[in-house]
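For the record, the sequence lines run as chains A and B. For the first sequence, my numbering assigns the number 1232 to the last residue and increments by one with no breaks. For the second sequence, my numbering assigns the number 413 to the last residue and increments by one with no breaks.
These aren't lab readings, by the way, just hints derived from the structure by calculation. Built from N, CA and C at the ideal position, the CB exists for glycine as well. Among these hints, one or two may not hold up.
[What the hints assert, rightly or not] The list that follows gives simulated cross-link-like pairs (lysine-lysine, PhoX-like), each with its CA atoms no further than 25 Å apart:
1. A:Lys594 <-> A:Lys643
2. B:Lys374 <-> B:Lys290
3. A:Lys594 <-> B:Lys374
4. B:Lys393 <-> B:Lys404
5. B:Lys290 <-> B:Lys319
6. A:Lys594 <-> B:Lys278
7. B:Lys404 <-> A:Lys745
8. B:Lys404 <-> A:Lys791
9. B:Lys374 <-> B:Lys278
10. B:Lys290 <-> B:Lys248
11. A:Lys724 <-> A:Lys791
12. A:Lys745 <-> A:Lys791
13. A:Lys594 <-> B:Lys370
14. B:Lys278 <-> B:Lys404
15. B:Lys319 <-> A:Lys594
16. A:Lys724 <-> A:Lys699
17. A:Lys643 <-> A:Lys685
18. B:Lys404 <-> A:Lys715
19. B:Lys374 <-> A:Lys651
20. B:Lys404 <-> B:Lys374
21. A:Lys577 <-> A:Lys594
22. B:Lys374 <-> A:Lys574
23. B:Lys290 <-> B:Lys323
24. B:Lys382 <-> B:Lys357
25. B:Lys357 <-> A:Lys594
[As the list claims (entries may be wrong)] Now the stretches of chain B that chain A is said to cover, found in silico as 3 or more residues with beta-carbon under 8 Å:
26. 271–281
27. 338–348
28. 365–373
29. 407–413
[Stated by the list, open to error] Derived CB-CB ranges, DEER-like:
30. B:Ala320 <-> A:Ser692: 51 to 59 Å
31. A:Glu774 <-> B:Arg396: 26 to 34 Å
32. A:Ala746 <-> B:Ala328: 38 to 46 Å
33. A:Glu774 <-> B:Val375: 32 to 40 Å
Chain by chain, the residues:
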Amino acid sequence: MRRLLAALMGVFSLASALPAAAAPVDTGHLEAELVPQQSAVPGGTIYVALRQKIDKGWHTYWRNPGDSGEATKIQWTLPPGWTAGDFVWPLPHRQPIGPLMNYGYSNEVLLPTPIHVPATAKVGETATLKADVVFLVCADICVPEEATLTLALPVAEQPTPDPKWGDRIASVLADAPKPAGLAATFAASGEAVKLAVTGDPLKGADVGDAYFFPFDGTVIDHAKAQPIERGPDGLTLTLPAGFAFTQGPAPTELAGVLSLGDRAWEISAKAGPPAAGASGLGAPPKTVSAAGEKGGLGLPFALLFAFLGGLILNLMPCVFPVLSMKAAALAGHAHDARNARAQGLAYLVGVLATFLALAGLLIALKAGGAAVGWGFQLQSPIAVAALALVMLLVALNLSGVFEVGTSIQGAGGGLASQRGLAGSFLTGVLAVVVAAPCTAPFMASAMGYALTQNAAVSLLIFGALGLGLAAPFVALSFAPGLLRLMPRPGPWMDTLRHVLAFPMYGAVAWLVWVLSQQTGPVGMAYALAAGVLAAFAVWLWGHAQRRPPAPITRGLAAAVFVGAIVLVGLLAAEKPATAASAGGKAGETAEVPYEPWSPERVAALRAEGRPVFVNFTAAWCVTCQVNERTSLGRKIIADALKRNNAVYLKADWTNRDPAIAAALAEHGRAGVPLYLVYGADGSDPVILPQLLTDGMVAEALDRAAARKPGA
Amino acid sequence: MTLTRRAALALPLLAAAPAALAASGPGPAPAFTAKDADGRTRSLAEFKGKVVVLEWVNEGCPYVKKHYRGNMQATQKAALAQGAVWLSVCSSAPGQQGAVNGAQAKAWIKAHNAAPTAFLLDPSGTVGRAYNAKTTPHMYVIDKTGRLVYQGGIDDKPTSKVEDIAGAKNYVLAALADLKAGRPVQTAFSKPYGCSVKYA
Chain A
522 MRRLLAALMG VFSLASALPA AAAPVDTGHL EAELVPQQSA VPGGTIYVAL RQKIDKGWHT
582 YWRNPGDSGE ATKIQWTLPP GWTAGDFVWP LPHRQPIGPL MNYGYSNEVL LPTPIHVPAT
642 AKVGETATLK ADVVFLVCAD ICVPEEATLT LALPVAEQPT PDPKWGDRIA SVLADAPKPA
702 GLAATFAASG EAVKLAVTGD PLKGADVGDA YFFPFDGTVI DHAKAQPIER GPDGLTLTLP
762 AGFAFTQGPA PTELAGVLSL GDRAWEISAK AGPPAAGASG LGAPPKTVSA AGEKGGLGLP
822 FALLFAFLGG LILNLMPCVF PVLSMKAAAL AGHAHDARNA RAQGLAYLVG VLATFLALAG
882 LLIALKAGGA AVGWGFQLQS PIAVAALALV MLLVALNLSG VFEVGTSIQG AGGGLASQRG
942 LAGSFLTGVL AVVVAAPCTA PFMASAMGYA LTQNAAVSLL IFGALGLGLA APFVALSFAP
1002 GLLRLMPRPG PWMDTLRHVL AFPMYGAVAW LVWVLSQQTG PVGMAYALAA GVLAAFAVWL
1062 WGHAQRRPPA PITRGLAAAV FVGAIVLVGL LAAEKPATAA SAGGKAGETA EVPYEPWSPE
1122 RVAALRAEGR PVFVNFTAAW CVTCQVNERT SLGRKIIADA LKRNNAVYLK ADWTNRDPAI
1182 AAALAEHGRA GVPLYLVYGA DGSDPVILPQ LLTDGMVAEA LDRAAARKPG A
Chain B
214 MTLTRRAALA LPLLAAAPAA LAASGPGPAP AFTAKDADGR TRSLAEFKGK VVVLEWVNEG
274 CPYVKKHYRG NMQATQKAAL AQGAVWLSVC SSAPGQQGAV NGAQAKAWIK AHNAAPTAFL
334 LDPSGTVGRA YNAKTTPHMY VIDKTGRLVY QGGIDDKPTS KVEDIAGAKN YVLAALADLK
394 AGRPVQTAFS KPYGCSVKYA
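Throw the hints in and build the complete structure from the sequences for me.
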């Protein structure tokens, strides 16, 4: 009974909604109809939309159609007293056609019009709205089509939303570009108009997709790019001037829609100087669409590449020392399957947490306008020194100088296995921190892609990297069959531990060398002294562990260790070594002559029509160093450079450098290495793989020289 | 950058073409050579000392059809009567709308009673790109000294409706009248309207 009543009420409420009646008209290449947002209310304003359901491959046009085309037009015939306003235009799409650019809509579009209902309209009546519409619908070819549309609209006491179109029109109205109080000015000079826009919606926004759609079809050259520069409070677009600017008196106002991809606002710019916060942070990192044109990645591939990159990272020299820690730990747990699984998972969590934390920090820094990239943590000498100290402590621990917590013999109790979990977690943390300098193949493009996406997508990709890095050990810890192959625990474990200490010492030596590149000999002296103090401190600590407790010894150990940390802190006062001195030093040892990189130098050399090879590198980037030693220093490269009249430029990113970060971002990269070969013809550079061979570089140079201007 | 690159591309293709692009204002009109409907090679240089009207055309375009209901022919006749040269240019790539060979072009001229001095075939789009021709129709007027004095739409009513021709201001006729009277062309630019040129 109750159900029947509910059903009846449902029918009744449907009937009372009095849906408006209209018939769609097929005009040939689209279907047009008038659809209302709600019933008419006497004295009120409602919205009625012209709906175009456009055939696949065809499109209609925005209010400014761009280089060709014609905007949709509507002519209303309304009952006496009723009036109609202008279309509310949704954000159009850009439609490039050969060398031309049009603005318009495809698939389906709703163009709402405000309709004012007179107070004299009678409730209960049905008003007939009539409209003659004319639109140009184009694919490769254009067809002007027209239709006379009618809509029977009920007049009601309350504005009842149309059940079918009410929500749709409401969301079109909500999304349509509107003024948002953005401050905008423009300044024209020659072929360019600088449009500077600032305001709250732009602060910290991703402006990589920024584009200005002018209302007037004569103010810009629609088909040309609009280079973007970011600022702390907004952005500056360099618009290619249209003939309204190049001829006669320049316009005093520039009105249109500023779009950031999915969000858009109406702006009206006045001639005048740009606001201070509208520029200064360089071009935004390349966007997906730009990357897509260059064969960039989509999300699924980025995730796959990130995972593969993480896997390969295990084979790179940076991660070896950490893997040795992991191997030592695994040896101890191999015959306790449950514990081994727990250790594997703790390691995974450590890796993931650190990747996400580093990525989060990186994203936050970038959002704040800092020009940073992957490996940024190693651009700080303090971080490098601290990492060297941590590695030294781990190495000394593996050497048996001191024990963490209870002695290793006591392992197996609940508490000790808890500690073991923390240890595994920390191993994961360490693995990621030291892995950064080794950008593995696959990783670079995935990270470059990640950093141009929104935060959620970026974190997802960094998570996939972490999964890849952790995967081998996690898989191993879940493979009891493999683990059982390991010998039973015994004294051999201590020997293994002692042996595995040496990759860690190697890592320390490498980090101190990096530090010497960053801060020079004085900084290295601080770090070495800190290392000696730290070693002494943990020896004291280990001494106390083996003898009856002597509080004084432990106190002394703590004091000495604090001394080590203070020394690291003093590094902050050390000035970074200048690029010139660092470069000069490296230049003496290398066989192949090079010059320091700068965008101006690249531009000048390209203007001369010379092929250019650019090596984006850093002292802390192991892959870069390997390439420099194994391939870039070879005579075959020197010969290839000479033969092709080419120039070798080195961009050293050991210390922070916004210009280099910007250049990396321009090629969809977040870190080094990056190898570019510019042809003699001014074409876009060729990107070489991250693992070089000397033959590959020489061949690329030969090919670059062959690309002559006009060829 | 783009500009210089485009100019660099255009140079070898257009013998001795000035690097100036149409969009950058009244300046020397870019030189060109192209085959006409009879297969003869024509060049802008041969009309030196005469006023030249360039008309981009695509027989299938509704906007071209709108004006070939009499308006374009009347404009042509007025221009020719003043001693001007009228060159219709088709930059449609082969296979695209409006692409015609010489015979088809001549048949179309005859069927529409049109009277261009020559109908130029520009299937590679070289001439179109040199002039930055965007739409069909897109009109250009070159004065006797070889300067581009008008470019844009044929009139100020950017629609595809024949009815709108009555009451529209014909910018080409206005520019020709200005040239004839020896005064500067009043409207040197307007936004061209119509179908996109069907470039390769």
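Now for the hints, and whether the structure bears them out:
1. A:Lys594 <-> A:Lys643: 30 Å, violated
2. B:Lys374 <-> B:Lys290: Holds, at about 22 Å.
3. A:Lys594 <-> B:Lys374: 12 Å, holds
4. B:Lys393 <-> B:Lys404: 23 Å, holds
5. B:Lys290 <-> B:Lys319: 17 Å, holds
6. A:Lys594 <-> B:Lys278: 20 Å, holds
7. B:Lys404 <-> A:Lys745: 16 Å, holds
8. B:Lys404 <-> A:Lys791: Holds: Lys404 (chain B) and Lys791 (chain A) sit about 22 Å apart, inside 25 Å.
9. B:Lys374 <-> B:Lys278: Given pair Lys374 (chain B), Lys278 (chain B) holds - Cα atoms ~10 Å apart, limit 25 Å.
10. B:Lys290 <-> B:Lys248: Distance of about 23 Å is within 25 Å: holds.
11. A:Lys724 <-> A:Lys791: 21 Å, holds
12. A:Lys745 <-> A:Lys791: 22 Å, holds
13. A:Lys594 <-> B:Lys370: Within the cut-off at roughly 13 Å; holds.
14. B:Lys278 <-> B:Lys404: Roughly 19 Å between the alpha carbons, so the hint for Lys278 (chain B) and Lys404 (chain B) holds.
15. B:Lys319 <-> A:Lys594: Not OK: Lys319 (chain B) and Lys594 (chain A) at ~36 Å, beyond 25 Å, violated.
16. A:Lys724 <-> A:Lys699: 18 Å, holds
17. A:Lys643 <-> A:Lys685: 24 Å, holds
18. B:Lys404 <-> A:Lys715: It holds: about 22 Å lies between the C-alpha atoms, which stays within 25 Å.
19. B:Lys374 <-> A:Lys651: With a Cα-Cα distance of about 20 Å, the restraint between Lys374 (chain B) and Lys651 (chain A) holds, given a limit of 25 Å.
20. B:Lys404 <-> B:Lys374: 17 Å, holds
21. A:Lys577 <-> A:Lys594: Roughly 21 Å separates the two Cα atoms, so the pair holds.
22. B:Lys374 <-> A:Lys574: 23 Å, holds
23. B:Lys290 <-> B:Lys323: The hint holds at about 14 Å.
24. B:Lys382 <-> B:Lys357: 23 Å, holds
25. B:Lys357 <-> A:Lys594: 40 Å, violated
26. 271–281: With 4 residues close enough to chain A, the hint holds.
27. 338–348: holds (count 4)
28. 365–373: Since three or more residues must qualify, the claim that chain A covers the region 365–373 of chain B holds, with 3 doing so at under 8 Å.
29. 407–413: Three-residue rule met by the region 407–413 of chain B, so holds; n is 7.
30. B:Ala320 <-> A:Ser692: 51 to 59 Å: About 52 Å separates the Cβ atoms of Ala320 (chain B) and Ser692 (chain A), which means 51 to 59 Å holds.
31. A:Glu774 <-> B:Arg396: 26 to 34 Å: The hint (26 to 34 Å, Cβ to Cβ) holds, given that Glu774 (chain A) and Arg396 (chain B) are roughly 30 Å apart.
32. A:Ala746 <-> B:Ala328: 38 to 46 Å: Distance hint for Ala746 (chain A), Ala328 (chain B) holds at roughly 41 Å.
33. A:Glu774 <-> B:Val375: 32 to 40 Å: Since Glu774 (chain A) and Val375 (chain B) have Cβ atoms about 34 Å apart, the given range 32 to 40 Å holds.
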